[in-house]
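One-letter residues, chain by chain:
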Amino acid sequence: MREVNVSEISETIARLSQEANYFLPEDVLAALQSGRQAEESATGQAILDEILENQQIARTEQAPICQDTGLAVVFIDIGQDVHLVGGDLREAVNEGVRKGYTEGYLRKSVVFPPVRGKNTNDNTPAILHLNIVPGDKIHIVVAPKGGGSENMSALKMMVPADGLDGVRRFVLETVSKGGSNPCPPVIVGVGIGGNFEHVAYLAKKALLRPVGQYNALPEIADLEKELLGKINQLGIGPMGLGGKVTALWCAVEVAPRHIASFPVAVNIQCHAARHKEAVI
Amino acid sequence: MKEHYLTTPLNDEAVAALRAGDRVYLTGYVYTARDSAHQRMFELLSEGKPLPFDIVGQVIYYVGPAPAKPGRVIGSAGPTTSGRMDKFTPALLAAGLKGMIGKGLRSREVKEAIKTYKAVYMAAVGGAGALIARSIREVELVAWEDLGTEAVRRLRVENFPAIVVNDIYGADAYEEGTAKYRTIELP
Ligand code: SF4
Chain A
1 MREVNVSEIS ETIARLSQEA NYFLPEDVLA ALQSGRQAEE SATGQAILDE
51 ILENQQIART EQAPICQDTG LAVVFIDIGQ DVHLVGGDLR EAVNEGVRKG
101 YTEGYLRKSV VFPPVRGKNT NDNTPAILHL NIVPGDKIHI VVAPKGGGSE
151 NMSALKMMVP ADGLDGVRRF VLETVSKGGS NPCPPVIVGV GIGGNFEHVA
201 YLAKKALLRP VGQYNALPEI ADLEKELLGK INQLGIGPMG LGGKVTALWC
251 AVEVAPRHIA SFPVAVNIQC HAARHKEAVI
Chain B
1 MKEHYLTTPL NDEAVAALRA GDRVYLTGYV YTARDSAHQR MFELLSEGKP
51 LPFDIVGQVI YYVGPAPAKP GRVIGSAGPT TSGRMDKFTP ALLAAGLKGM
101 IGKGLRSREV KEAIKTYKAV YMAAVGGAGA LIARSIREVE LVAWEDLGTE
151 AVRRLRVENF PAIVVNDIYG ADAYEEGTAK YRTIELP
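First to last, the protein sequences are chains A and B. Taking the numbering used here, the leading residue of the first sequence gets 1, the next gets one more, and so forth. Taking the numbering used here, the leading residue of the second sequence gets 1, the next gets one more, and so forth.
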């Protein structure tokens, strides 16, 4: 057993919360740059230039890329040979978020209770996805998620007969309905299979896959290519003002499903696709 | 793309010159307000009470800024989704509001009210909060400090960049732009 003090997890999460909000990942940056090359609309080009300039300012000034520094979504894979000491893991995660968001001048966007609630003033609690895996390492991802794009996401319990056509229609409808709201160019995460709650998780997980990396299953990779092509034919363009570049990427994750169900989830991620990871 | 350098407050003449798709650079004061502040302003108006600032000719910016770092007047400050304010907007336009800056689609009612009251809806680039913050020179609390990032603040801006989405002629830059580049029908 390897012993890890939970305070180390707090420190790591505090650091990742800030880095994720200041530094746009390289893969997303590269996708924005090639999007700028591909865009034909003059307004779209100007907007992509502003987005690129913005991330550069954020990087140099260590300022948030976007003022909506999100709900802190934290994924932790804990090796089963790790023994956590020094306190409650969930509390340690929240302590990390509290510290990161307060010391990093990040916006506090969490209210509770959900109806007529008050701001918790430290952006806690985080949304925590815990996973036990083989080994003695702890893998942590902090993915701040803004409200604008999250609100344009959707989940549908289809039936198996809807098949791939149903998936295509639902993905295109969802992106189309979102229009300018989720700050396009977006990244589209799609989950297919599992059940009601699992499919949403799959769609969110899809957003963490590096831009440019297709699903390992060839038929799913083909679907990703097809969906991205079709999404970019919708004409929504940068910030919804029209153009060729509506999405930078589309990633699909799949899981086994019940013979009677065909759940599909679409999680929309804005161009401020922030996530940062570390291994303890 | 036509460019306009405008000074707030806005009058009918200035607003009439703006067309969907035009670029605007605003200088002067804009007021911040988003979900909760709109709710409160709407309640005040329905009770016949005065708003915390004189709204005639003014521009509201839908934003909830990030906290200012030491030595800065404001943190990152890009637009939030405007549609959430739709329910309250026609009443504010009736009270004299001339301009709105945000991002995303407006309802049919808001677009109608923009025509009726001769106002303009503009979009700033969502997710460009660090860049936009550079055009904000001064920040002053106007009302409802308890709302935190959602409080009403008066921002002095210089050449604040925006794009006209809905003009007084009923045009919509989102619809027009998308129609121009759409090459697929929804299945
Ligand atoms: S959708 Fe993303 S880029 Fe747009 S305001 Fe929200 S967090 Fe920022």
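Wrong hints could be hidden among the right ones.
Taking lysine-lysine and the PhoX-like style, the derived pairs with C-alpha atoms no more than 25 Å apart in a straight line are [to be verified]:
| id | chain 1 | residue 1 | chain 2 | residue 2 |
| --- | --- | --- | --- | --- |
| 1 | A | Lys-99 | A | Lys-137 |
| 2 | B | Lys-180 | A | Lys-99 |
| 3 | A | Lys-230 | A | Lys-205 |
| 4 | B | Lys-111 | A | Lys-118 |
| 5 | A | Lys-177 | A | Lys-244 |
| 6 | B | Lys-118 | B | Lys-87 |
| 7 | B | Lys-118 | A | Lys-118 |
| 8 | A | Lys-225 | B | Lys-2 |
| 9 | A | Lys-177 | B | Lys-111 |
| 10 | A | Lys-177 | B | Lys-87 |
| 11 | B | Lys-87 | B | Lys-111 |
| 12 | A | Lys-177 | B | Lys-180 |
| 13 | B | Lys-180 | A | Lys-244 |
| 14 | B | Lys-118 | A | Lys-244 |
| 15 | B | Lys-2 | B | Lys-87 |
| 16 | B | Lys-2 | A | Lys-230 |
The set of hints was computed from the structure by calculation and includes no laboratory data. Quantities reported herein were computed from a predicted structural model and do not represent experimental measurements.
Evaluated hints:
1. Our distance criterion of 25 Å between C-alpha atoms is met by Lys-99/A and Lys-137/A, whose separation comes to about 23 Å.
2. For the hint pairing Lys-180/B with Lys-99/A, the CA-to-CA distance comes to about 47 Å; that exceeds 25 Å, so the pair is violated.
3. This hinted pair checks out: Lys-230/A and Lys-205/A have alpha carbons roughly 22 Å apart, not beyond 25 Å.
4. Using a Cα cut-off of 25 Å, the hinted pair Lys-111/B and Lys-118/A is violated, with the two alpha carbons roughly 32 Å apart.
5. Taking the CA atoms of Lys-177/A and Lys-244/A, the gap is about 17 Å. The hint holds against a cut of 25 Å.
6. Note on Lys-118/B and Lys-87/B: the hinted pairing holds, with a Cα-Cα distance of about 18 Å set against a maximum of 25 Å.
7. Taken as a hint, the Lys-118/B and Lys-118/A pair is broken in the structure, with Cα atoms around 36 Å apart against an allowance of 25 Å.
8. Between Lys-225/A and Lys-2/B, the direct Cα distance comes to roughly 37 Å. Violation of the 25 Å bound is thereby established for this hinted pair.
9. Between the alpha carbons of Lys-177/A and Lys-111/B the distance comes to roughly 18 Å, so the proposed pair stays at or under 25 Å and holds.
10. For the hint pairing Lys-177/A with Lys-87/B, the CA-to-CA distance comes to about 19 Å; that is within 25 Å, so the pair holds.
11. Simply put, Lys-87/B and Lys-111/B have alpha-carbon atoms about 12 Å apart, close enough for the 25 Å limit, and the pair holds.
12. The hinted pair formed by Lys-177/A and Lys-180/B meets the criterion: a straight-line CA distance of about 17 Å does not exceed 25 Å.
13. Between the alpha carbons of Lys-180/B and Lys-244/A the distance comes to roughly 10 Å, so the proposed pair stays at or under 25 Å and holds.
14. A threshold of 25 Å between alpha carbons decides the hint, and for Lys-118/B with Lys-244/A the separation of about 32 Å lies outside it, so the pair is violated.
15. Distance hint between Lys-2/B and Lys-87/B is unfulfilled; the C-alpha atoms sit about 31 Å from each other, more than 25 Å.
16. At most 25 Å may separate the alpha-carbon atoms for a hinted pair to count; Lys-2/B and Lys-230/A exceed this at roughly 31 Å.
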